[in-house]
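There are 2 protein chains.
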Amino acid sequence: MKKISGTHISNTIIEELRLEVLALKEKNIIPTLAVVLVGDDPASKIYVNNKKKACAKIGIKSEEIILSADISQQELLNVIDKLNNDISVHGILCQLPLPSHINEKIIVERIDPNKDIDGIHPLNLGRLCMGNAGTPGTPIQSFFYPCTPLGVLEILKRSNIKIAGSHIVVVGRGPTIGRPLSIMLSLKGMDATVTICHSKSANIKEITKMADILIAAIGVPKFITRDFVKEGAVVIDVGINRSSDNRSNDKIVGDVDYDDVYEKVSAITPVPGGVGPMTVAMLMYNTVRACEKKFPL
Amino acid sequence: MKKISGTHISNTIIEELRLEVLALKEKNIIPTLAVVLVGDDPASKIYVNNKKKACAKIGIKSEEIILSADISQQELLNVIDKLNNDISVHGILCQLPLPSHINEKIIVERIDPNKDIDGIHPLNLGRLCMGNAGTPGTPIQSFFYPCTPLGVLEILKRSNIKIAGSHIVVVGRGPTIGRPLSIMLSLKGMDATVTICHSKSANIKEITKMADILIAAIGVPKFITRDFVKEGAVVIDVGINRSSDNRSNDKIVGDVDYDDVYEKVSAITPVPGGVGPMTVAMLMYNTVRACEKKFPL
Numbered sequence: 001m002k003k004i005s006g007t008h009i010s011n012t013i014i015e016e017l018r019l020e021v022l023a024l025k026e027k028n029i030i031p032t033l034a035v036v037l038v039g040d041d042p043a044s045k046i047y048v049n050n051k052k053k054a055c056a057k058i059g060i061k062s063e064e065i066i067l068s069a070d071i072s073q074q075e076l077l078n079v080i081d082k083l084n085n086d087i088s089v090h091g092i093l094c095q096l097p098l099p100s101h102i103n104e105k106i107i108v109e110r111i112d113p114n115k116d117i118d119g120i121h122p123l124n125l126g127r128l129c130m131g132n133a134g135t136p137g138t139p140i141q142s143f144f145y146p147c148t149p150l151g152v153l154e155i156l157k158r159s160n161i162k163i164a165g166s167h168i169v170v171v172g173r174g175p176t177i178g179r180p181l182s183i184m185l186s187l188k189g190m191d192a193t194v195t196i197c198h199s200k201s202a203n204i205k206e207i208t209k210m211a212d213i214l215i216a217a218i219g220v221p222k223f224i225t226r227d228f229v230k231e232g233a234v235v236i237d238v239g240i241n242r243s244s245d246n247r248s249n250d251k252i253v254g255d256v257d258y259d260d261v262y263e264k265v266s267a268i269t270p271v272p273g274g275v276g277p278m279t280v281a282m283l284m285y286n287t288v289r290a291c292e293k294k295f296p297l
Numbered sequence: 298m299k300k301i302s303g304t305h306i307s308n309t310i311i312e313e314l315r316l317e318v319l320a321l322k323e324k325n326i327i328p329t330l331a332v333v334l335v336g337d338d339p340a341s342k343i344y345v346n347n348k349k350k351a352c353a354k355i356g357i358k359s360e361e362i363i364l365s366a367d368i369s370q371q372e373l374l375n376v377i378d379k380l381n382n383d384i385s386v387h388g389i390l391c392q393l394p395l396p397s398h399i400n401e402k403i404i405v406e407r408i409d410p411n412k413d414i415d416g417i418h419p420l421n422l423g424r425l426c427m428g429n430a431g432t433p434g435t436p437i438q439s440f441f442y443p444c445t446p447l448g449v450l451e452i453l454k455r456s457n458i459k460i461a462g463s464h465i466v467v468v469g470r471g472p473t474i475g476r477p478l479s480i481m482l483s484l485k486g487m488d489a490t491v492t493i494c495h496s497k498s499a500n501i502k503e504i505t506k507m508a509d510i511l512i513a514a515i516g517v518p519k520f521i522t523r524d525f526v527k528e529g530a531v532v533i534d535v536g537i538n539r540s541s542d543n544r545s546n547d548k549i550v551g552d553v554d555y556d557d558v559y560e561k562v563s564a565i566t567p568v569p570g571g572v573g574p575m576t577v578a579m580l581m582y583n584t585v586r587a588c589e590k591k592f593p594l
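Chains as they are written, first to last, in this note's numbering: chain A, 1 to 297; chain B, 298 to 594.
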């Protein structure tokens, strides 16, 4: 099928995880995710809610820690420390962005790397760089992969899209998506040839038109049109842009002009319903892994 | 000049550092590098000796800790801990490879990231991924860049080769050179479009022929011949391969067939005398930085 449903794949993963968690519970192990939410950013609230819902479906216990927007950095560090030391908590998610008086890097580095189910601690990114892990998506990992890149990888694998030997072009070099994804895809065992380009790249169309698999993570609505795409390419749209009409029911727009490229590609993820739901699924996946590492089946 | 002399550039850097160290010494600050050598691998001994010589030229105090090949992992960890806690030691270099009964990853992760002047601790690699640093080569860095990639960057900058907007192809994805270099070159402020290819890449010549700057770090003698290179490209050869004739005076051969590509390129680094001497110079650079971070000028 040309249109790849991330919703469908994420539901499959959630069902797989539900069965895993059932088996864990028979051993009296309850995977537990602590979600820290600072302030009342509406988008953050929605994200946190989606994560709670996914936890409920799978049987992961979610503990929500809601903190006032004026909490001091030290107080937040104390909250993180407490969760780090709580052996009943397997994963810690601190919803970003944080209020501007708090240094996000300091908070992220404080999370125990073994509980960093978001896969954003620099120690986990560094291990990713060194490639000293199992293959992404396998049960045994020596660290956590960041959720959205891992979701993209799962989409490709579960859609039987060939990664090894393919030329993959990643448009976007952000530290949460483009950067780690470009690394993961070229690791040993993945074996893609990977080009990373970005807002400062020259001749960007020339580059993207070489891609067997084109991944858009540049954060510009409908940036990728048909003239960026090789005939028969696979296109993965990681963009989540809110449309400019400022109503409460914001429309989500991807980085790819879906209708414009559709006829030219061999497969494509839509927005919404593509990579978006995968991010939450892989967060759940990492949480179950974090739990199993401590209580091997 | 078409042939880029890494020897010349590294001598310039060493002279710059000598003057910096003179100024530090006037404040009674003596930059100190601890070099740990386990066993008696002849190549490792040569490397350590070169590093000691560079220290002597610059005025960096080098402390050599020579350990027997049968030292236990725990004993080596104790040595590292002692150096971590010694405030007179600014940089720690543990010469790799280590004997096979010792897990290198565990040793490397034990080195205090603030003394990791080799830039190989995963926390430093992770920070590099996140791009949360000053620009490489500037005095203020929030972490250390690995020495050989930093040396390549210095060669490009001091030879006035344009990085921003260029398409740079890195052949090789190893965790010490190809991988971090590909990341550094595409960071904000560097702004190259970067392709990483490797032994499993298909159509590798097609890819390398697009490169404005081609960097060879694949570890195969004379792998890059003229048919891999675009007319007028810049070629940086990071290969250090020992020739197969097993005499004590091994000949060093690069990853590039220098004579074959010479007429076609606009600039090229030789082997030896190219990237090799830069690695030691940048190790010295990182050591002085490590010292200054603690004792700001």
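Careful: at least some of the hints might be erroneous.
Unchecked claim - Covered stretches of chain B (in silico footprint by chain A; criterion: 3 or more residues with CB under 8 Å from a CB of chain A, positions within the stretch not fixed):
(1) 308–320
(2) 411–423
(3) 470–479
For the record, the hints were derived by calculation from the structure and aren't laboratory data. Just so you know, these numbers come straight off a predicted model, no measurement behind them. Where a beta carbon is used, it is the ideal one built from N, C-alpha and C, also for glycine.
Hints, verified against the model:
no.: 1; hint: 308–320; verdict: violated (count 0)
no.: 2; hint: 411–423; verdict: holds (count 6)
no.: 3; hint: 470–479; verdict: holds (count 5)
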